[in-house]
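Guided by the hints, dock chain S onto chain A, whose structure is given.
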Amino acid sequence: MIQSIAQKEFVSTLRDRRFVVLSVLVLGLLLAATLVGRASYSTLQQERTLAQQTVNDQFHHQPNRHPHRVAHYGSFAFRPKSALSLLDSGLDSFTGASVFLEAHQQNSVNFSQAQQSGSLIRFGELTVAFVLQLLVPLLIVFLCFSAFTEERETGTLKLLLSQGVSLRQVAWGKIAGYGWAVALVVAPALALAAWLLFGQEEVAGNPDLWARLCLFVLSYAVYYFLWIVGSVVVSAWQDHARTALVTLLGCWMLGTIILPKATANVGAHLYPTITKAQMDAEVHEQAQKGINGHDPQDQRTAALKEDLLMQYGVTSEKDLPVSVPGLVMAESEAYTSKVYQQHFTDLTRTYERQNALSTLAGLLNPYQAIRPLSMSLAGSDFAHYVHFQQAAEAYRYQLVQRLNTLQAGMGYGDKERKLDAATWQAIPTFAYQAPPLRWALGYLLVPALALLLWAVGLSWLGLKVIDNTRVA
Amino acid sequence: MTYILEAKDLRKQYPDKLALQGLNLQIEAGEVFCLLGQNGAGKSTTINLFLGFVQPTSGAAYINGLEVAKNPLEIKRHLAYIPENVMLYPHLTGLENLGLFSQLAGFAYAESELRDYLEQAGLPPEAVQRRVGTYSKGMRQKVGIAIAVAKHAKVLLLDEPTSGLDPKASNEFSELLGKLSGQGTAVFMATHDLFRAREVGTRVGIMREGELVDVRPTSFLNANELEQLYLHYTH
Numbered sequence: 001m002i003q004s005i006a007q008k009e010f011v012s013t014l015r016d017r018r019f020v021v022l023s024v025l026v027l028g029l030l031l032a033a034t035l036v037g038r039a040s041y042s043t044l045q046q047e048r049t050l051a052q053q054t055v056n057d058q059f060h061h062q063p064n065r066h067p068h069r070v071a072h073y074g075s076f077a078f079r080p081k082s083a084l085s086l087l088d089s090g091l092d093s094f095t096g097a098s099v100f101l102e103a104h105q106q107n108s109v110n111f112s113q114a115q116q117s118g119s120l121i122r123f124g125e126l127t128v129a130f131v132l133q134l135l136v137p138l139l140i141v142f143l144c145f146s147a148f149t150e151e152r153e154t155g156t157l158k159l160l161l162s163q164g165v166s167l168r169q170v171a172w173g174k175i176a177g178y179g180w181a182v183a184l185v186v187a188p189a190l191a192l193a194a195w196l197l198f199g200q201e202e203v204a205g206n207p208d209l210w211a212r213l214c215l216f217v218l219s220y221a222v223y224y225f226l227w228i229v230g231s232v233v234v235s236a237w238q239d240h241a242r243t244a245l246v247t248l249l250g251c252w253m254l255g256t257i258i259l260p261k262a263t264a265n266v267g268a269h270l271y272p273t274i275t276k277a278q279m280d281a282e283v284h285e286q287a288q289k290g291i292n293g294h295d296p297q298d299q300r301t302a303a304l305k306e307d308l309l310m311q312y313g314v315t316s317e318k319d320l321p322v323s324v325p326g327l328v329m330a331e332s333e334a335y336t337s338k339v340y341q342q343h344f345t346d347l348t349r350t351y352e353r354q355n356a357l358s359t360l361a362g363l364l365n366p367y368q369a370i371r372p373l374s375m376s377l378a379g380s381d382f383a384h385y386v387h388f389q390q391a392a393e394a395y396r397y398q399l400v401q402r403l404n405t406l407q408a409g410m411g412y413g414d415k416e417r418k419l420d421a422a423t424w425q426a427i428p429t430f431a432y433q434a435p436p437l438r439w440a441l442g443y444l445l446v447p448a449l450a451l452l453l454w455a456v457g458l459s460w461l462g463l464k465v466i467d468n469t470r471v472a
Numbered sequence: 001m002t003y004i005l006e007a008k009d010l011r012k013q014y015p016d017k018l019a020l021q022g023l024n025l026q027i028e029a030g031e032v033f034c035l036l037g038q039n040g041a042g043k044s045t046t047i048n049l050f051l052g053f054v055q056p057t058s059g060a061a062y063i064n065g066l067e068v069a070k071n072p073l074e075i076k077r078h079l080a081y082i083p084e085n086v087m088l089y090p091h092l093t094g095l096e097n098l099g100l101f102s103q104l105a106g107f108a109y110a111e112s113e114l115r116d117y118l119e120q121a122g123l124p125p126e127a128v129q130r131r132v133g134t135y136s137k138g139m140r141q142k143v144g145i146a147i148a149v150a151k152h153a154k155v156l157l158l159d160e161p162t163s164g165l166d167p168k169a170s171n172e173f174s175e176l177l178g179k180l181s182g183q184g185t186a187v188f189m190a191t192h193d194l195f196r197a198r199e200v201g202t203r204v205g206i207m208r209e210g211e212l213v214d215v216r217p218t219s220f221l222n223a224n225e226l227e228q229l230y231l232h233y234t235h
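Just so you know, the protein sequences line up as chains A and S, in that order. Position 461 of the first sequence, counted from 1, bears residue number 461 in this note's numbering, the numbering being contiguous throughout. Position 199 of the second sequence, counted from 1, bears residue number 199 in this note's numbering, the numbering being contiguous throughout.
Extracted from the complex, chain S is given alone in its bound form:
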């Protein structure tokens, strides 16, 4: 079976630190996998390995059956990425930023379509024509979400995507993820937000010192159990 996202014995050794040790993971289409762990646990390294921004020391990462290290450009057609702190081009408007990133991904949207994506992501209509330099962190995050959604990717790689979003916007984002997963998009989300992980995730994994120490389906966990599990591994 071809998984949308797969890691086989994926390992990353930095000169001073073992960032990831032998990660084995398979994620299917429509699944939302939430990766939990403290800062420095290896969550961002895992995402960077899937993005091809970091080369693995051994093992391999696959997106839609393609080995990331061997197909660094091809795999990016299948994925969208939202970082923890979306930084855009401050001299361009929200609309121009979305237009640019969509063009680079191969989509030439009309202005009305771009507006729709931004509004779907929760950006106020009056803000779309303003330069991003005047945006709050939350507003930039929403443009980042719009960029990811407009790409219609098979995989969403999210690194603390709700960071900076207000509760309402976080809630809307959860709904959006639910909708995308319903359409068959696989989501891999690194987060500290246990509540959001349990709410939107189909599985959660807990990472400690570069090792994936536990993976569980969220359907068998309530919020309290997840918190206990997290604290168990991280303290």
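Just chain A, same shape as in the assembly:
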């Protein structure tokens, strides 16, 4: 029975010119967004790969130099684009793409697309996620708002029920039928995305990516199920199609525009963040309390030197087998890095609290559940960005300390000497490994749970409403 009703809804929907026009528009936008996303992904990925290769090459081909000069010459870390970011670019456009890695200094990630674009990017980009999260639900609203009201107004509901069908069966049939229609609109774009994605050699055999894509599709399936069930239930609850449409459009606006903005504002108010300048000033101020590698008059430097002389049982710096400035640099780097990490962790925690508030709002609003879920699966959320930042900082620290060790090993008077160019070629360059899905699961848990709770709760409540639907 449910299948017969579903088939009827599906066929009727496909023969309805209004739906055909709307779905062709949405499908066109989805396909365009997929192709644009793919083109943007390819361009940026190529640019970043080339840039990373170039800076790595430049690093390896430095001439004979003092290690500390190499530490200041530094290198760059470019954030590779996640393959699934062609579906959901998430925060990628607003977070930076590259970070300069140098001694004594933890630079921020710069050169985001937003920084390099006009103000129009603030209005949002046409991404697959934008169409999937905002426009497809709107299509569902227009498709389903009259699911029950029209049947009741025309009298077909009575005829249908007189055949021995229950209201619940009618509702599930409609939900299934509309689900097929929505799948028909969304599936081609996702199939195209999968084809574009897995057509590339480097990602073709990547099970992690397959798993992410499958979960991505599953998440959106649950999200659309919610919109379809919600629309059908509102249609059963309201007496007239017009009222049902206004109610659903109100829900759409509240869920996709008003609540997310309000939550973001509340988050920023409850957990204010400091500015970059403030943070830099605080880090600088605290770093002054540690050893200063570039100040030979620094008392803590003198104390370290004394300790070394005692440790090696010599009376003069000249007799030390190690370079005092090299060890001082290492001490200084360890201290400033610790100070920076503390501030960075505090700042990240503040952002995480703001994000957590928004993610928790997913329990009230499915749009705020699918958004972090989608970004996280696409590898373009805040957590993935922080993972890159930390990887870049870990590499920077390791690189600088390695150079400091090289300097320390040069012994007294190291400043007058240089190390051979071959030394730099032995130092590994930055190679970022994006985290696997397993790592991201913790970030997926709350939004995924919120979506599932919504699905169960709305179905349960929906059935209660359907059972009490007025027939005559």
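Source of the hints: derived by calculation from the structure; they are not laboratory data. As the structure is a computational prediction, the values presented were derived from the model and not from experiment. We treat Cβ as the ideally placed atom computed from N, Cα and C, and that holds for glycine. Watch out, some of these pointers could steer you wrong.
Only pairs whose alpha carbons sit at most 20 Å apart, straight line, appear in this in silico PhoX-like list of lysine-lysine [unchecked claim]:
#1 A:K289 with A:K305
#2 A:K318 with A:K418
#3 S:K70 with S:K17
#4 S:K8 with A:K158
#5 A:K464 with S:K70
#6 A:K338 with A:K289
#7 A:K305 with A:K415
#8 A:K158 with S:K137
#9 A:K276 with A:K338
#10 A:K158 with S:K70
#11 A:K318 with A:K305
#12 S:K154 with S:K179
Computed beta-carbon distance windows for the label pairs [what the hints assert, rightly or not]:
#13 A:N265 with S:S136: 55 to 63 Å
#14 S:P124 with A:A39: 52 to 60 Å
#15 S:Q55 with A:M253: 52 to 60 Å
#16 S:T57 with A:V21: 42 to 50 Å
Showing chain S alone in chain A's frame:
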């Protein structure tokens, strides 16, 4: 004795109106009962109570011995319903509409059988493959009749079924009802058509302000007497 269709002290009170007051009625297999009355007299409420679409305030309606309110799905296996204005799914053809409703009733007919039902109901053969959105009211009514007939129900609940039908089609419908009643189907028909009621009915009942005020066998009434009786109760 188990009647095919029975009402026991059936009463329906709406917040602003008493729609049906204490209806007692028994209809046997093969009987055609025509319920007459003005608009708002309670005819449609009675049909809705038998269909289980409206819950009674008190009393009970029975179909084939089963209480409607307690067996809302089970009783529908025994009845077929034709509303005053049959509205079907406009994007489906006549054939597809009949196929769908038959499937929902548990019958999987071949296309040729569906065509036969539609043609029996008087739908032109060339129309069966057209979308119902292009049908006239009369054509939709014929598809509604085909849906009811294809269900092979023990009870037919008809709410102004000939509304919108041309005289020829109405006549054919009367013949069809005669045939079905001959096969043992009980028919409960709410109508304004006194002529049709006397012609096909075995009994007529007159309803006024929610009350069944008179019930008579049609065999003792000619058309004129029925009209006089109707006018007597309704004016």
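Numbered hints the structure breaks, given as an ascending list: 3, 4, 15
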